[in-house]
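Engineer: From just these sequences and the hints, can you work out the full model?
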Amino acid sequence: MAESDPGVEAWVEHTSAFDRVRSVAGALSEPRPASWIAAEAAVSENTARGHLDRLVELNVLVEVGGEGATRYAPDPLHARLATLRELVAEHDHDGLVALKADLQTEIEEWRAAYGVDSPTELRERAAEADSAAETTEIRRTASDWELVTYRLGIVDDAIENYAAYTRDGTAPA
Amino acid sequence: MGGRGPADDVAARSHRALRAIRRELDRNPIVTSARGFPPDAHATVEADIDADRVEGAVGDATLTVRWYDGELSGRPEFSVHYSDDAGADFGWHHEPNPHVEGWGHYQERPDASAAYDYEPYSFATLVPSQVVWEVAARLRERLAERG
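Going down the list, the protein sequences come from chains D and U.
Position 125 of the first sequence, counting from 1, maps to 125 under my numbering, and the rest follow consecutively.
Position 5 of the second sequence, counting from 1, maps to 5 under my numbering, and the rest follow consecutively.
Read the hints as simulated data drawn from the structure, not as lab findings.
Please read these numbers as outputs of a predicted model, since none were measured by experiment.
Cβ atoms here follow ideal geometry from the backbone N, Cα and C, with glycine treated the same way.
Mixed in with the good hints there might be a few duds.
Said to hold, decoys possible - Here are a few chain D residues that face chain U, going by a calculated C-beta distance under 8 angstroms:
#1 Ala27
#2 Pro76
#3 Tyr150
Said to hold, decoys possible - Some chain U residues flagged as far from chain D (calculated, every beta-carbon gap over 10 angstroms):
#4 Ala12
#5 Thr32
#6 Ser33
#7 Gly36
#8 Val54
#9 Glu55
#10 Thr62
#11 Pro76
#12 Phe90
#13 Glu108
Structural biologist: This is the structure we're talking about:
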């Protein structure tokens, strides 16, 4: 990445170095060293290193050992817990139940439309589709289905543990 | 940790990318608000664009972002698509398609009944946080041209 890349100047103007390091590292799809994260976050490597250490202490990231430089990856638990926190902050119990029903409806519609029971089964259909447009559409739906299923799991967790997660009294009754 | 895991891990990675995307959209001055879990499209992130601040944007202007950190390492499938009350319907996509060489492209259609036109587009980055800012910059340019 270069400073001259489109949008980078605005990104730097509107965010802090810490924000950018956190944002890049928190969404890594595979472990990366500080040098890589620094370049993508438009910060110096030393700055990145300091922020990455703090993010490890805060359990946002984990360090991944191995040969060569330390690499960093998102702590899988962190994003899940943060999502739970947002869900119980934004919805009361009834709201979460309604959200769950919405997610289930979306899945049911895909199940009915394609006559398959899982996104994996649907993905297999993509290869047999009649047209390229249909293949694209099927692949996209399978991806959405996987994601909605994952999110449904978090919503379920929020509903089941609603009392425990909101015991401090800050969430709506 | 470094391996590409089963579907659950794919979903978790995609979910994390979408969270980062939502946060970056909220930080962008052209966005008034961004939502994860939007109604009827729970796998996406939606953002409202401030039509008063962006030349060429009309009425209820929205960006819809999909991100799937899937089957191939380092090759996420994603799209950042714009629409507004004036019928604008275009976006920047990175996904397999039969229309252009490679995955990156820009697609636009004049109205809902027309087919999309496609042209190749080369993303400067495939890092989700940064893609948001890149597309926001391209969006301003494109809307100003149309405006």
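Engineer: So which hints don't hold here, by number, going up?
Structural biologist: Hints 4, 7 and 11 contradicted; others consistent.
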